[in-house]
Amino acid sequence: MTAPLLTSLSVTSAIVGGTAALSSLSKFLVEARRSKVFRDALTKKAEDTALESSDLDIVGKYLFDTIGGVEITSYVRDAKLRTRTEAALARLTTFVGTETEQRLEQEDPPPPPPPEVTQGLPVPAPVELARAKRNIVDGDVWNGLARARRYIELRLGAQFPSVDSSRMSAIGLVSLAERRERIMPGEAEALRFALNVCNRAIHGEDISPDLALYAVDCIEYGLSSLDE
Amino acid sequence: MAGIQISDVLRLARADLEDASSQLDQIYEWRYDHASTAAKAVVGLGASLLIALLAAALQHGAKSSWAPILAGTGGAVVILAIGLIAYRKLNGIYREYVVAHELLASALEVRTFLRRYNPKP
Chain A
-9 MTAPLLTSLS VTSAIVGGTA ALSSLSKFLV EARRSKVFRD ALTKKAEDTA LESSDLDIVG
51 KYLFDTIGGV EITSYVRDAK LRTRTEAALA RLTTFVGTET EQRLEQEDPP PPPPPEVTQG
111 LPVPAPVELA RAKRNIVDGD VWNGLARARR YIELRLGAQF PSVDSSRMSA IGLVSLAERR
171 ERIMPGEAEA LRFALNVCNR AIHGEDISPD LALYAVDCIE YGLSSLDE
Chain B
1359 MAGIQISDVL RLARADLEDA SSQLDQIYEW RYDHASTAAK AVVGLGASLL IALLAAALQH
1419 GAKSSWAPIL AGTGGAVVIL AIGLIAYRKL NGIYREYVVA HELLASALEV RTFLRRYNPK
1479 P
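Going down the list, the sequences are from chains A and B. So for the first sequence, our numbering puts the first residue at -9; every next one is plus one. So for the second sequence, our numbering puts the first residue at 1359; every next one is plus one.
The hints are simulated quantities; they were obtained by calculation from the structure and are not laboratory data. A quick note: this is a predicted structure, and the numbers were derived from the prediction, not measured. Possibly wrong hints are sitting among the right ones.
As the list claims (entries may be wrong) - Covered by chain B, per the in silico footprint, the following chain A stretches (three or more residues, Cβ under 8 Å): (1) -7 to 0; (2) 64 to 77.
To be verified - Dumping the calculated DSBU-like pairs for lysine-lysine here, alpha-carbon to alpha-carbon at most 35 Å: (3) Lys26/A <-> Lys1398/B; (4) Lys1398/B <-> Lys123/A; (5) Lys123/A <-> Lys1447/B.
Stated by the list, open to error - Facing chain A, according to a computed beta carbon distance under 10 Å, are these residues of chain B, among others: (6) Gly1361; (7) His1392; (8) Ile1427.
Just so you know, even glycine gets a beta-carbon here, dropped at the ideal spot from N, CA and C.
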């Protein structure tokens, strides 16, 4: 190899090495920045806003755009991001319920309470339940029942401030309220039936508007003694 | 190479595929092959440059200026190091693969919910 060729090779090697180093550094910085953006987006507040909306589009958008935007590489490398993503996914799964839970529930569905239980309910219904009914009447059964189920979680969760109700299923809250005698056994049965209907709808089963409206009435009945 | 996002796994669970898990295997197999080939190529380039420069420097070093040779050798070492780091990161792809399967299993548990929502393409 001649001296000029050696110089050319050295210069080329230096340029390629420098470019590779800069490119790796810039890739690392971009990845770190992306991780930070997602860490910041995955806040408890954003999670609450999505889940408390009980709206299919908002919950879905949060799942696909906010949680879904996280790259698996960042998820594996960034412990903070992983913790936040796992917490958000766990909470979302509790909100939606798993298919295994749904299958088990379907094997032994709670019986519908007699229609008399929904007679003599106070008028007007609580605002959230009235909105749920409006959703159902407008043909938006999923959002109506998701809203109604969220209402159960909020009302029962408020009874037990020491319990982290966001991590507990709605069925679990009903059982807790029944055990602690905040609601009567008949009311718990009505809530279990209503939750079964809500969960079936949230899991994609087509629920007739009549059954959905009856489930909302059962929720109103099931929670009526909490108002006293 | 664009990374795999959680939404890709959710879409896989959402799609009506019997073998979503095998599809994920294929994606990661391709990803591993791609990353492994790229790492080998970079290590090869770095090592070749380094050997060529060192050999040439030993042969003609006294007649040439040392500054470009040192810069070139530094460049070759950087390329070699980047290749070796990329090689080490291949283990990370295996961890990603395991995590992606865990996420897929969780996503399959809420598959019907995922199907009701229409994400942007």
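Comparing the hints with the structure gives:
1. For the region -7 to 0 of chain A, the stated coverage by chain B holds: 6 residues have a C-beta nearer than 8 Å to a C-beta of that chain, and at least 3 were required.
2. Counting residues of the region 64 to 77 of chain A whose C-beta sits closer than 8 Å to any C-beta of chain B gives 5, which meets the bar of three, so the coverage hint holds.
3. Restraint check: the Cα-Cα separation between Lys26/A and Lys1398/B comes to about 31 Å, which is no more than 35 Å; the hinted pair holds.
4. For the proposed pair Lys1398/B and Lys123/A, the alpha carbon gap of about 62 Å is over 35 Å, so the pair is violated.
5. Of the supplied pair hints, the one linking Lys123/A and Lys1447/B is violated, its CA atoms being roughly 54 Å apart against a limit of 35 Å.
6. The interface hint given for Gly1361/B is met, as the beta carbon of that residue sits about 4 Å from the closest beta carbon of chain A, less than 10 Å.
7. Hint status for His1392/B: violated, given a least beta-carbon distance of 14 Å to chain A, over 10 Å.
8. Residue-level restraint check for Ile1427/B holds (minimum Cβ-Cβ distance to chain A is 5 Å; threshold 10 Å).
In summary, the structure is inconsistent with hints 4, 5, 7 from the numbered list given earlier, while agreeing with the others.
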